[in-house]
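Enquirer: Build the full structure now, drawing on both the sequences and the hints.
So you can see what is in the structure, the chains are spelled out below.
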Amino acid sequence: MALIAFYLIAAVTLVSALMVIMARNPVHSVLWLILAFFSSAGLLVLIGAEFLAMLLVVVYVGAVAVLFLFVVMMLDVDFVALRQGTLRYWPFAMLVGVIFAAEIVLASVMGVKSRPEAFNAAPGASTNAEAIGQVMYTDYILLFQLAGIILLVAMIGAIVLTLRHHPAVKRQNIARQTSRRRGDAYELKDPKPGQGI
Amino acid sequence: MSNYVESFGQLWGPLLVLGQILLFTLVLLISIAFLLLFDRKVWAGVMMRKGPNVVGPFGLLQSFADFGKFLIKEIVIPAGANKFVFLFAPILTCTLAFAAWAAIPVAPGTESGTTWVISNLNVGVLYLFAISSLGVYGIIMGGWASNSKYPFLGALRSAAQMVSYEVSIGFVIVTVILLVGSMNLADIVNHQDGGFWKWHVFSLQNFPLIVVMLPMFVIFFVSALAETNRPPFDLPEAESELVAGYQVEYGSTPYLLFMLGEYLNIVLMCAMMTILFFGGWHGPVALGEEFVRDHPFLTSFSGLFWFMAKIFFFFFLFAMVKAIVPRYRYDQLMRLGWKVFLPTSLVAVLIVGGYVAYMGVQTP
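Chains as they are written, first to last, in the working numbering: chain A, 8 to 204; chain B, 1267 to 1630.
Hints are computed from structural coordinates only; laboratory data are not their basis.
Possibly wrong hints are sitting among the right ones.
[As the list claims (entries may be wrong)] In silico DSS-like links for lysine-lysine, alpha-carbon gap of 30 angstroms or less:
#1 K1415(B) / K177(A)
#2 K1307(B) / K1415(B)
#3 K1415(B) / K1335(B)
#4 K177(A) / K1605(B)
#5 K1349(B) / K1339(B)
#6 K1316(B) / K1588(B)
[To be verified] Which stretches of chain B does chain A cover? Using the computed rule of at least three CB atoms under 8 angstroms from a CB of chain A, they are:
#7 1404-1416
#8 1560-1570
Cβ atoms here follow ideal geometry from the backbone N, Cα and C, with glycine treated the same way.
Expert: Set out below in structure tokens:
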């Protein structure tokens, strides 16, 4: 039963990954990418890493892919023209792909032989959420914090590059808007007929 | 429940689960029909109108009449629309809205330690969070595939809004997970056993935490309004600016699916509030161990009653908010999400985390 599910989900993952690079419409590419993420989450559930699977869906499908979709939908680029002549890069692409595939195969084959416990979803803990927490926040806390700082620096860099203050631009001042009272907005007058204010 | 399944043999297990799913779906659909009517009645009552009152006694059959109308209308697909994505978007919205309910525990089981739930996931809260974060795709795809400006603008607004408020919802959920120490929804409910003062919203057994948990519930409630695109945060369909947002080009059955998904998500959010903060199926006063042991069926059904009653109460709050609060401006919405709720909930996670680490949590 689990084997059938594995082959089904793996096939969906591979086909959708292939369609990411085959689809003509970039929006379709992103939609296929989302399907690939989602079925990878299914594979993670099958090996018993349900916490990782849910995180994959929440982070990649729920946030990262939404941003991809945003950008791709709003780009006004003629992708057909952009694709002209991409074929001449295929030897290079093949080389990179082969190296990737070889590394993955090598790592997993050697890994299974030398350290079979590395493929256990929850080693030494009751749930895999606890196992991940143990590794990330206790064993490698320094690296975790460093990764966070690197991301923070990247974020600040992006903000510094794009933030511009134009003096002419009017901005919403929420404090002033909420502190506005009825008396500030209007005033009651009682003009006599024929006199005006 | 799992003991039952095993006793039926190999074939009966899946069939039983299938039966449970069908029953759950049926109950949900019928409840949605009447909740929709209730929503409109509340709205009408606040405006001193009568609301739907023609079809059936007190208009009780109005939703079924609407259903029939949606089904027999023609499906119009706009010219230049991406046909597959256009039709897939509402189906996705509706399917995801139903799928989320698989992890919701509705009542205690008749045997002790069991729960009435279709799938008792270890990571139940995360599953709900993941599924609700997928809901944004139905809207984005629908808005994009319509090949029209207003739907596209509405979809972009809606996606930005949902992604923003998911962040604070996530942190609010983290505070509850920290208190319970488990992501299993049944564990979260059982952690609040023993009277209303132990519900997470009050959490009086960890006394000072009420200062944190009560505002967390308010943040969750407001974020739930924004997440489900309900007024006052219904900017994606702000009719005075965007006609009807991402749904402009939709009619008949696809529109019905969108609306069904939307209302299912609203009721799901009500269920999440009930489970995370208001004790799930536990009544305001504990039943007592002897009673639970002697009357298992009565316990189960009283649990079901309390669960549904709480959901109904929160749905009433949703309807009242829709009736009495004016719509937010877009920059106000973004400011509320990023500058108010996010820092507040982050500080709350810090406080609750510190409390759990240094004081320890009193479990019931």
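Enquirer: Hint by hint, note whether the structure agrees.
Expert: Hint check:
1. As the CA atoms of K1415(B) and K177(A) are separated by approximately 26 angstroms, the hinted pair is consistent with the 30 angstroms bound.
2. The straight-line distance between the Cα atoms of K1307(B) and K1415(B) is roughly 33 angstroms, outside the 30 angstroms bound, and the hint therefore fails.
3. The suggested pairing of K1415(B) with K1335(B) holds, with an alpha-carbon distance near 28 angstroms, which does not exceed 30 angstroms.
4. Proximity of K177(A) to K1605(B) is assessed by CA-CA distance (about 20 angstroms); at most 30 angstroms being required, the pair is judged to hold.
5. Proposed proximity of K1349(B) and K1339(B) is supported: the alpha carbons are some 18 angstroms apart, at most 30 angstroms.
6. The straight-line distance between the Cα atoms of K1316(B) and K1588(B) is roughly 17 angstroms, inside the 30 angstroms bound, and the hint therefore holds.
7. Coverage of the region 1404-1416 of chain B by chain A holds [criterion: at least 3 residues with CB-CB distance below 8 angstroms; count 3].
8. A stretch counts as covered by a chain when three or more of its residues have a beta carbon under 8 angstroms from one of that chain; for the region 1560-1570 of chain B and chain A the count is 0, and the coverage is violated.
When the structure is compared with the earlier hints, violations turn up for hints 2, 8 and for no others.
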